[in-house]
Amino acid sequence: MTVKKTIIVGYGSVKKVYIGENLPLVFIGGPCAIESRDHSLFMAESIAKICAKHNIPWIFKSCFDKDCRSSVDSFHGIGMHEGLSILSDVRKEFNVPVVSDFSDPIWAKETGEVCDLVQVPAYLCRQTSILRAAAETLKPVHLKKGQFMSPWNMKNSVRKLESFGCDQILLADRGTFFGYSMLVNDMTSFPIMSKTGYPVCFDATHSIQLPTSMGNISGGQREFIPPLVRAASAAGINALFMETHNNPSKALSDSNTVLDLKYLETILVQAKTIHQCRLELYSKFGEDIVHKE
Amino acid sequence: MIWKKDKFPVVKPDTILKEVLDKMDSFCLGIACIVDDDQNLIGLITDGDIRRKLLSSQKPLSALFVDDVIDHAIFNPVTVQKDTSVSQVIKVMDENKIWDLPVLDKSKLIGLIHLHSILKYILDQ
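As you go down the protein sequences, you meet chains G and X in turn.
Per numbering that gives the first Met the number 0, the first sequence runs over residues 0 to 292.
Per numbering that gives the first Met the number 0, the second sequence runs over residues 0 to 124.
It cannot be assumed that every hint is accurate.
Claimed, not checked - Listing some non-contacts, in silico: residues in chain X with all C-beta distances to chain G over 12 Å:
| hint | residue |
| --- | --- |
| 1 | Lys58 |
| 2 | Pro59 |
| 3 | Val65 |
| 4 | Asp70 |
| 5 | Pro76 |
| 6 | Gln80 |
| 7 | Ser84 |
| 8 | Ile97 |
| 9 | Ile121 |
To be verified - Distance condition first, Cα-Cα at most 25 Å in a straight line; then the derived DMTMM-like pairs of lysine to aspartate or glutamate:
| hint | chain 1 | residue 1 | chain 2 | residue 2 |
| --- | --- | --- | --- | --- |
| 10 | X | Lys119 | X | Asp24 |
| 11 | G | Lys159 | X | Asp82 |
| 12 | G | Lys194 | X | Asp70 |
Don't read these hints as lab results, they were simulated from the structure.
Beta carbons: idealized from backbone N, C-alpha and C, even for Gly.
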């Protein structure tokens with residue numbers, strides 16, 4: 000595993016979160032879409048309690064615009080200005096870094112002025128204009144691997160970000176298309192993407208998505224979240240991403256994939272335990288070198 | 000007799016393997032020299048190295064192509080200094096069974112000498 004860089008998320012007085020090798024596993028999570036100020040504050044408070052109880056560094060994630068919904072009738076988001084205002088409140092109230100994605104380069108500047116981490120959606124992971132805009136925020140970038148991309152080709156997107164001056168990158172795997180309306184997870188993506196020299200993240204809740212399997216919305220197989228989280232934690236991730244909701248069936252976005260908040264604690268504790276075990280094994284046995292080309 | 004650096008492939012360590020192969024192909028040469036920002040020679044890659052890699056690596060070709068060339072380079076290659084005599088260059092090529100030799104000024108790459116250019120030089124004399 001070749002993770003070299005540590006990325007630092009958090010500006011101003013907010014509590015900084017460090018993501019890298021030989022560091023605690025970081026949780027990135029929250030409701031998929033910002034639904035309301037009250038709901039965001041409630042979710043942040045609930046997650047903050049769990050993370051504080053188990054000493055898990057975390058970043059609040061929720062998006063102001065959902066531009067990749069399957070249907071034009073699906074909830075599209077609360078809007079950038081209202082959404083960023085809510086994220087700013089969450090940030091101040093809970094002293095936690097926040098992240099949102101952005102789907103249009105013109106949204107990048109304002110997103111970066113509020114968010115501690117800016118996220119590039121998987122579908123847009125090779126769009127030069129989006130990557131340039133992300134880099135120009137001067138904030139760390141959470142770059143998701145497109146479902147259509149090989150893990151080794153993410154290096155090209157990384158090189159684009161680097162060429163625009165960004166050297167704070169977190170690479171995430173959120174599954175890979177396996178035919179139509181189906182994703183699979185290839186755990187080799189983590190050591191492969193780590194070769195870029197940046198930390199890696201597993202997006203557990205999007206990985207179990209069945210893209211647009213329900214006609215005009217996506218389905219999902221939540222029952223696979225726990226085994227995949229355990230597998231990814233053992234495979235060598237530095238951060239774990241999960242969208243969570245207190246009432247998934249009523250969630251305005253990704254209702255078939257978000258993790259019910261009531262299960263979040265048990266999943267996070269398992270991930271943390273396996274992560275610590277992996278670090279101990281690395282410390283004991285050294286690097287994973289079993290083959291030289 | 001010594002080819003200048005615009006006559007053969009000279010690449011940076013983080014150039015991806017596919018681009019290096021393209022460059023070797025465009026020069027019709029089986030060697031590329033890898034240099035740092037100060038033009039110090041770091042390593043080499045040759046057709047033979049790629050051939051051995053293809054025989055030993057089980058990676059998909061698309062994954063191999065995007066690797067940095069330095070990941071597959073040979074280090075401490077055989078070289079000659081710029082004031083080496085022609086007879087000594089031929090001797091070095093013969094002893095090492097090679098027909099390309101990077102020419103250095105101390106550690107800096109200044110050119111490449113190829114067996115064909117030596118033959119042409121001898122025939123022209």
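Right, here's what the structure says about each hint:
no.	hint	result
1	Lys58	violated (8 Å)
2	Pro59	violated (8 Å)
3	Val65	violated (5 Å)
4	Asp70	violated (9 Å)
5	Pro76	holds (19 Å)
6	Gln80	holds (32 Å)
7	Ser84	holds (38 Å)
8	Ile97	holds (22 Å)
9	Ile121	holds (40 Å)
10	X:Lys119 with X:Asp24	holds (22 Å)
11	G:Lys159 with X:Asp82	violated (42 Å)
12	G:Lys194 with X:Asp70	holds (11 Å)
Consistency with the previously given hints fails for numbers 1, 2, 3, 4, 11, ordered from lowest to highest.
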